[in-house]
Every structure is written in structure tokens, then in C-alpha cells.
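Peer 1: Those letters in the sequence shown? Residues 664 to 1227, by this note's numbering.
FYI, nobody ran anything at the bench for these hints, they're computed from the structure. You may find that some hints are simply not true.
As a list, the in silico DSSO-like pairs of lysine-lysine whose alpha-carbon atoms are at most 27 Å apart [said to hold, decoys possible]:
| # | residue 1 | residue 2 |
| --- | --- | --- |
| 1 | 978 | 1093 |
| 2 | 900 | 1045 |
| 3 | 747 | 866 |
| 4 | 1073 | 978 |
| 5 | 896 | 1045 |
| 6 | 780 | 900 |
| 7 | 978 | 896 |
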Amino acid sequence: MTRFGLVASVLMVNYLLVAGSALVAGTNSDFSSQRTCEPIRIELCRGIGYNETSLPNIVGHELQSDANFTLQTFFPLIQFGCSKQLKFFLCATYVPMCTTKVSMPIGPCRSLCNTVKNRCHPILQGFGFPWPSALDCNRFPEENNQEHMCMEGPGEPLEGEVLVSDRPSCQRLQKSNLYVQLNRSGRCAPLCDADILFEQNEKHFAEVWLTSWSVAALGTAIVATLCLILSTKRWDKSLMPLVISHCLVTVGWAVRWLAGRNATACGYDPQLPGVALLLTDGLSTAPCAATFLLRYYFGLSAAVWWMILCLRWSKAVRRQLNAELGSPSDLHAEKPDSSHDTLFQLAAWGIPALLTVIVLVARLVDADELFGSCFIGNQSDKALLTFVIVPLLTSWVIGSGYLFTAYLRKRSAAPPLVHNLPVHIHGMGKFLFIYAVPSAALLMLMFYDGSGGRGGPSKLPLGGGSVGGCGGIGGGGVGGGSVYKQSMGPKLGGFGGGPTSTYSTASYQTVCPQNSLVSVSIGKLPPSRHGTRKYPSHSHINRKPRSYKMSTQTISLTGNETVL
């Protein structure tokens, strides 16, 4: 859903509420001469130049809590920065100044209202709505005089002065209106149903594709596992850890399609109870965590087990060739392999476990837009490189080295010796070589993904993963795209790219209370120092606004409201 669709739906509800409030305001426009001043208890309006107010105000609120509720709906517009005086104007309207020296409360002047309206009205017009009737400038005194006192405001900045939001934002990302900057981590989380790089029909096709291949892969893996369990051959038994690892990887994909896209990839931030976001923290939902754990842990384990099998096969070829040359004792010299079984088990299961713990602690698990699955690197290139590409590449290089060494040894041996090798040696070698090919393809696609090679100068990256099932650890699919990759934030120390947020958890939010405007920054933002990607504009694409289902609490943007 775009920012414009979200705001439009908010404004439609808001204007119904404003109309009702305007009627109430008409009955309370005559201020009573027997007013008492009370301290301003609204946080937004503290420190604006006066400390006391008197109610009812010009729009009919008789309690500060009601006025505060309305003011909070303007918070996104204040952060938008359309007018430097907007905050003062709103406070002067909803909590007017009160002093014992004057019998009437002192609100804003008409000139202040017109100044704010001239700057902020175009934004509302962009959504097809007029200036709220509750804030009609004709209702305010024309000027400050003895008959009608009013406040003229602090004035707008000089011509040429740029308004820049004093908060971090996601504006460096293309389609920044489809992101939420989370206060807890500082990361930019896409809206759950946002079409950032893919249309809905593409996502539907990806869902069908994923489901079909997940079922096929799971069935094949189960059959292969049962065949190995029933087999009595030693080399078949040695394949058991590798096959079981891949079987559990397919179970991870099965969890994804059984749980569904939204249940796996989307969640709710505590500060935004009504807005579904694409997950940036894989621990938020059980399906996302389960999908990641099965795919990542057992995918890495499969890579390590393949490397170990390459080592064992290389040693077996050497022993068989030495035995054919007249060293029969080498044929049964399996003690070295047996003595290293414990070390192999520790490496194959322990190293992936250690990396998995680090990833979970650093909260680097995120969801991808196309397939709605959880993995690493969908929104962080450094996480993809550090915790996926490097371990896989290390295993592949070492395993390929053993394969190449054994292959050269076979090539250098006499043909009769090679033909006399047991059948299972030839079969195992072919299997390991075939396995290496899709693993290499997976690594190349991940490098392509991490380097942002797609799209030429724009560095448009592929979606997280690249090949589902290749090597057992791949992500979404070839051609997947992710225009929301970002720095990992302050939680991972040396791996982070973005600055640490100095704002409190309640100080800002890119998408503010439910049913309100997605805020953006005005002015020039400083260039990124961390290699942030730039993406081509998609402003030429006309998208149909979507509506989100919100909670029962209705929050508007531009006027008074009563909960219906």
C-alpha cells in the first residue's frame, strides 16, 4: 500500500469526523467569560511560549485529553515539515493561551492560519481533500488588537532556507513511502503488502512455484532418506547426514507454504499495532523462525558434510590406487577416517550451530518480498556475505580442492588401475562432482545478489537467496529483487553500516499512529557514507492504492474526531 493510499483512506474517515466536530464547535463558539486557566498537560504543546490554557477551545473540545487525541493525528503532518509554524498553530487552536489578565482565551491569528494553510494545503490537495473546515482561517481574528487578541506565531524560515527533518529516515531508499523506520533497531521495514519490486501477480506465481517445488523436493527427500535407511552399503550410510540435512531443509520450505506468506513473513511492531510489516526480526513469529532455522542450519550442515565426503572420497581413491600398486594393507586402512569421525561430527553440526546462534542474537533474520520466506541477507548485503556466502564458499573451495586432487590422481594412474576401482568409488565421485555444479551456481547468484549487479548503474539487487533448493540453503528464486537492502544497524558492531539512532523509542516513527500519514523528510538529506544503494525511480508506475485493516481505534489526520 502506498503512502498516498494510506493517507487517502485516513482523510476520508477524518472528514466525516471533522464535520461532526465542526457542528459541535458551532455551539461552543461563544467563549464564556468565567473561564479558569489550567496547566497544559499535552506533551506536544509544552514549551511553545505559554504554559496555561482554557477549554473549551474553538473547535469544541472541553477536555485536554480530547484535544491531545486530535493533535496526535497531526503528528505525521508536523514531521512532514510542510510548515515550521504548523505545530504552534495547532497548539494555539486546540489549547489556546490563557491568562488571568484577559477574559478570553488567545488563539492564532488569521495570518498565521493562512501561512500554514498556504504551505500545507497543497499536500492535502494532493490526496483530493480541501482544508479542514474546523481550521477555517476565517474563524480566527484578522489581526492582534485590543478587541481581539491573537498570536501571530514565530514566522517561517527565510527564503532559501531548507527544512530538513531532525530524525533519521528511509528516504535514501526508492519508494521510501512504503517503508517504516523501526525505533528499536533503526532499520527500514517494508509494509507487508507493498509492491516494491514485484506485482501481486508475480507474487502469486511465485507462491504457486514455491508450493509445487517444495512438495516435490520434500517427497524426493523422504524417498531418498528411506532408501538410505534400508541400504546396508557402507558408502550409502556415509551419505546419510547429507541427505538428512537436505530433507530437513525441504521441511523448512514446507513450513513456509503450510503457514502461508503473511503468517511467515509479516508481523506487527508494538508501536504500530495496526500496520503489518515485512519482518526484519526473524524471532517475531514462529513460522519465520522455524523456516530460517531449518533452511540455514541444515543448509550449512549439508555444505560441511559435502566437504567431508569429498575428503573421504579423496582418501578412498588414494588408498584404492595404492592397494592396486601393491600395498594391500592400504585397502583396509580406515582407522584414520574412523579416528576423525568425532572431529567431522563436531565440525558438521557445531560450526553451523555457532553461526546460527550469532545470527539469532544479532537479529539478522529477515523476510523477502517475493517468496515471503525468512532467511539472512534479504535486507543486508553484509549479513549475506558474512554468514551465508563466506561459509558456503569456504566449504565449496575446500571440497572442490579434494575432488580436484583425487581427479588428478585418477588421471595420472594407469587405465587398468582406474578400471579396477570399486563401482561405489566411481559412483560417489560422480555424485560429488554433480553436487558441486549447482552449489557453484548458487554461490555465483549470491555474489550477484550481494553486489547488486542487476540493473547496471542502478545496482538493483536480486532478492534474498537466488536459488531455492540449490545447495540446500538458497533463498527465493532467480530474478528475485530486493530494493530495500540496508545496513544492519548498531546491533552487530563491525558488521553494521548505519549510524546508531539517538532518538528514544517514542520520539519518532516513520509510519505514525494507525490510519495516519506515512511521513517523509523535506529538503536535502546528507549523502550516505555507507554505500547505500540508489535505485531508479518508479514514479511512472501507477499503482492502485490498497487499504489496510486497522484496529477499532480510529485516528485521523486533519481535524477533530469522535470515535464512531
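Peer 1: Hint check: residue 978 vs residue 1093, CA-CA at most 27 Å. Holds or violated?
Peer 2: Distance of about 16 Å is within 27 Å: holds.
Peer 1: If you draw a straight line from the CA of residue 1073 to the CA of residue 978, is it 27 Å or shorter?
Peer 2: 12 Å, holds
Peer 1: Check whether the Cα positions of residue 780 and residue 900 lie no farther apart than 27 Å.
Peer 2: Judged against 27 Å, a Cα distance of about 77 Å means the pair is violated.
Peer 1: Decide if the proposed pair is consistent with the structure: residue 978 and residue 896, CA atoms, cutoff 27 Å inclusive.
Peer 2: 18 Å, holds
Peer 1: Hinted pair, alpha-carbon criterion (27 Å max): residue 896, residue 1045. Please report holds or violated.
Peer 2: 43 Å, violated
Peer 1: Against the 27 Å threshold, does the CA-CA distance of residue 747 and residue 866 hold or violate the hint?
Peer 2: Violated, at about 42 Å.
Peer 1: Tell me if the straight-line CA distance from residue 900 to residue 1045 falls inside 27 Å.
Peer 2: The given pair, whose Cα atoms are some 37 Å apart, is violated under the 27 Å limit.
Hint check: violations occur at hints 2, 3, 5 and 6; the rest are consistent with the structure.
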